[in-house]
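*Asks:* Here the protein sequences line up with chains B and C, keeping their order.
Every letter in the first sequence is one number past the one before it in numbering that gives the first Met the number 0, and letter 148, counting from 1, is 147.
Every letter in the second sequence is one number past the one before it in numbering that gives the first Met the number 0, and letter 413, counting from 1, is 412.
Take the hints with a grain of salt, since some may be wrong.
[What the hints assert, rightly or not] Partial list, computed: chain B residues near chain C (C-beta under 8 Å):
#1 V29
#2 A32
#3 P34
#4 A35
#5 F36
#6 P99
#7 Y104
#8 K139
#9 P149
#10 G151
#11 P167
#12 D169
#13 S191
#14 T192
#15 C200
#16 A205
[To be verified] Mimicking BS3-like on lysine-lysine, the simulated pairs with C-alpha atoms at most 25 Å apart in a straight line are:
#17 K518/C with K162/B
#18 K55/C with K134/C
#19 K52/B with K152/B
#20 K79/C with K162/B
#21 K152/B with K115/B
#22 K52/B with K174/B
#23 K52/B with K82/B
#24 K79/C with K29/C
#25 K79/C with K174/B
Keep in mind the hints are simulated off the structure, nothing from the lab.
Ideal Cβ positions, reconstructed from N, Cα and C, are used throughout, including at glycine.
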Amino acid sequence: MRREFNKRLIVLAALAAALPLTAAAQSATVGQAAPAFEVKDASGRTVKLADFKGQHVVLEWTNPGCPFVVKHYGAQNMQALQKDAAAKNVVWLSVSSTAPGQADYLAPAALTAKYKSWGAAPAAMLMDDSGSIGKAYGAKTTPHMYVIDPGGKLVYAGGIDDKRSANPDDIPGAKNFVKAALAESLAGKPVSTTTAAPYGCSVKYAS
Amino acid sequence: MPQALVAIATTIAALLSALAAAPAVAAPVKTDHVTAELVAEHAAATPGRPLQIGLKLQHIPHWHTYWRNPGDSGLPTTLKWTLPAGSSTTPIDWPAPQRLPIGPLVNYGYEGELLLPLSYTPPADAKPGETLTLKARADWLVCSDVCIPEHADLELTLPVAAAGTPATPGAERALFERHAAERPLPLSGWTARLQQAGRELLLELEPAGDAAASMSRPPLHFFPHAEQTIEPARHEVFRTARGYAIRLAMQGGASLPARFDGVLVSQGGAYASPPWGGTRRAVEVVATVQPVAAIALPAGAVPLATTTTPASLGSSADLGLWTALALAFFGGALLNLMPCVFPVLSIKLLGLAQQAGDRASLRTHALAYGVGVVLSFVALAAALLALRAAGSAIGWGFQLQEPGVVFVLALVFFALGLNLMGAFEFGNLLPQRLAGWRAERPAADAFGSGVLAVVAASPCTAPFMGAALGYAVTQSPALALGVFAALGLGMALPYVLLVLLPGWRDRLPRPGVWMLRLKQLLAFPMFATVVWLVWVLGQQAGVDGAAKALMALVGLAFLVWLAGLPPARALAGRLLGTLALVALLAWTWPGASAPALAAQAGAAPAVSTDAAWQVYDEAAIARHVADGKPVFVDFTAAWCVSCQVNKRLVLRTDATMRAFADAGVVLMRADWTNRDARITEALARLGRNGVPVYLLIRPGKEPLLLPEILTDRLVTEALATL
């Protein structure tokens, strides 16, 4: 028989109370140094944020089971952004913070195969199974986008564009914040829109 | 000739229905997770006068859609209208949301049945007799642990009535009325202040004057209107001397407006009235923002638990399917030991022992009995589910809330008792052909005994059954029937096993006078059951109803004696006897007594006869809890044997009453002997569907459910947690 509902709820409540506090303490703030991380990617390589000092870095939280992620990949929007970034020597890191055991979780090999079939071209797919990087950055949705300048400062954190929907028809007319932030930062100008409401499915952290 | 008449009748009917004003029509759209429909408060629109319409969403269990501020993720439901020229709509008037945690994130949204209403103003130049067609494209994001964006193209046609015609209510009038009663309205008489120190926030809420001293303090949830401003997951509620303080935190990069507004929703279920008085659980607040150097909690602030699901002492309140099936199975097995079923079974076994029969016939007998039991339970469950689907607020034991059913049961048990006594034999009563048919078909006979056993079992509820049945009625019909089938299997199994056990008949002494005496002895528990059923009938139909039932029993005995006399075997005698029986039943059939009818109509509760126990009253419970007094609620019914046993053995004893008095507990009895929609709803909220249910409501903590079999020790344990 299952444990008493009461006890389970107390434990959950305690956990839920503890986690956001830690998240708030480390939450990434635009204009300040982006939180450091060190994690294995889907091919087993260890990736550190410090490895990319001197280059722009884009962090893209992703989950192949989320209709909002499928919206951007299905319309080749995300892939175009990734290719554009690579051409400009920007490091594009896709991050999966889905906890193993969640319905959407895919093991590294399967995840790589999936994104390859979509024609995605990130520099690496980071396997943040424990969710610590996601919580350090305060990643809430998939997609949730962050742009870091060559000095390690966070210059953009938020949604990918300003049309919050799962409809691919909304992509052409939407203002893409990542594109704008990269363009301005690469040109040495301050980023005009540093934050925008992120939209998408919630990141599937461990419950 | 008849065909022509039918054709004429059909045409007339069609004409009449066309002439009658067509109601506001909209076809619901069903997606995988939601059924969406445009609904209107009234059946017709009048030119230029605003009319409440809305989007009705029925979610499948465990799936939700979002509020205007969806929280950490998600998207609010949107409506894009295509309206007739000259008409307009207002934005959605959002009902109060609930917090939907997912891991460390929190969203704000809705589950179950939802109405998103708004106001529609028809064109001023609309002509009566016209029809207005409103089209909307509804987009929503529906999630459980995955998210699916869905949409529907919906249509609502409204006939235009002349200005000044009285408004006829639409089909969903009740939904609109409920929304009007529950929609958040501005909170008056309270001050709301938001302290801000960097990213830390403290929302302080205090009523004006000295209302703070006596008001109840159920937990509150705060939902800000502005998106992406505060962290939804950071939400700690404190009770302060003067009111409440809620600790919040801002999101990185967000900035606060000078006046910070949102919705406050009082939690705590039906047993805690909102701190601002009245019955409206949701209010709108606007807080002035006050930058401070550091957040300071007022002295004496006490954190409030925000869980309101009842805890359980000794049993799990949250069942899965397999647990429910197991509980139903064991409960069914235990039913065999209940005083309703045990005598019937003993008689069956004795009768079986007397008959000759080889293993094959025993197997058929056992199987037919088992099938009879299971099918009867399933049929009873199907009736229960069908009646609930039709809107009746009933639970298990519903058949006994009907005085007619109790009356018939009393007659049946009396007849069985007379039969055991030897006053008649079934074979003598039945026509020759039917008696022979019964003898030839032992399987059908055994099936019939299975049905009879279930009929006899219905007044009794075994332990474990309550939780299993409470689970069953919240599930789909297929799963619910499965649980009831498990109950039937559990009940049938002991008898079936016993019958199939090899050689048990050889162990019994040889048939003789002792069997006759045993049969006669078992008649007395039957008669005792009759007395109890007449007592229940007395509660339901008053003393007159009980007296009529007793008259019916006398009449039945008389008719049975007459049937035994030789002249009765002729056809005329039989017909006369049947007529006499029907007349007797019609004359003595009980109606409900006045208090019972009042309870069914939901009128104010009557005065209780037992001085120590008050009548169940939710408003009174809220008042007692506000005063800091615990309340013990005994959900019971006269026809519930386990309830009566618990009452006699535990609840009415001096020791227990003393323990209650020492703890300052207010005692309340929710009497479900007759149909009472309020009590059915209260039981459903606790995850139960039948009685007995024992609930200890503790101020400041979540309510505690006690198990169905009470002992003194359990009561002491429960009181110790206060």
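*Asks:* A separate judgement is required for each hint: does it hold in the structure or not?
*Replies:* Hints and how they fare:
no. : hint               : in the structure
1   : V29                : holds (5 Å)
2   : A32                : violated (13 Å)
3   : P34                : violated (12 Å)
4   : A35                : violated (17 Å)
5   : F36                : violated (17 Å)
6   : P99                : violated (13 Å)
7   : Y104               : violated (11 Å)
8   : K139               : holds (5 Å)
9   : P149               : violated (21 Å)
10  : G151               : violated (17 Å)
11  : P167               : violated (11 Å)
12  : D169               : violated (11 Å)
13  : S191               : violated (14 Å)
14  : T192               : violated (11 Å)
15  : C200               : holds (4 Å)
16  : A205               : holds (6 Å)
17  : K518/C with K162/B : violated (82 Å)
18  : K55/C with K134/C  : holds (14 Å)
19  : K52/B with K152/B  : holds (10 Å)
20  : K79/C with K162/B  : holds (15 Å)
21  : K152/B with K115/B : violated (30 Å)
22  : K52/B with K174/B  : violated (28 Å)
23  : K52/B with K82/B   : holds (20 Å)
24  : K79/C with K29/C   : holds (19 Å)
25  : K79/C with K174/B  : holds (22 Å)
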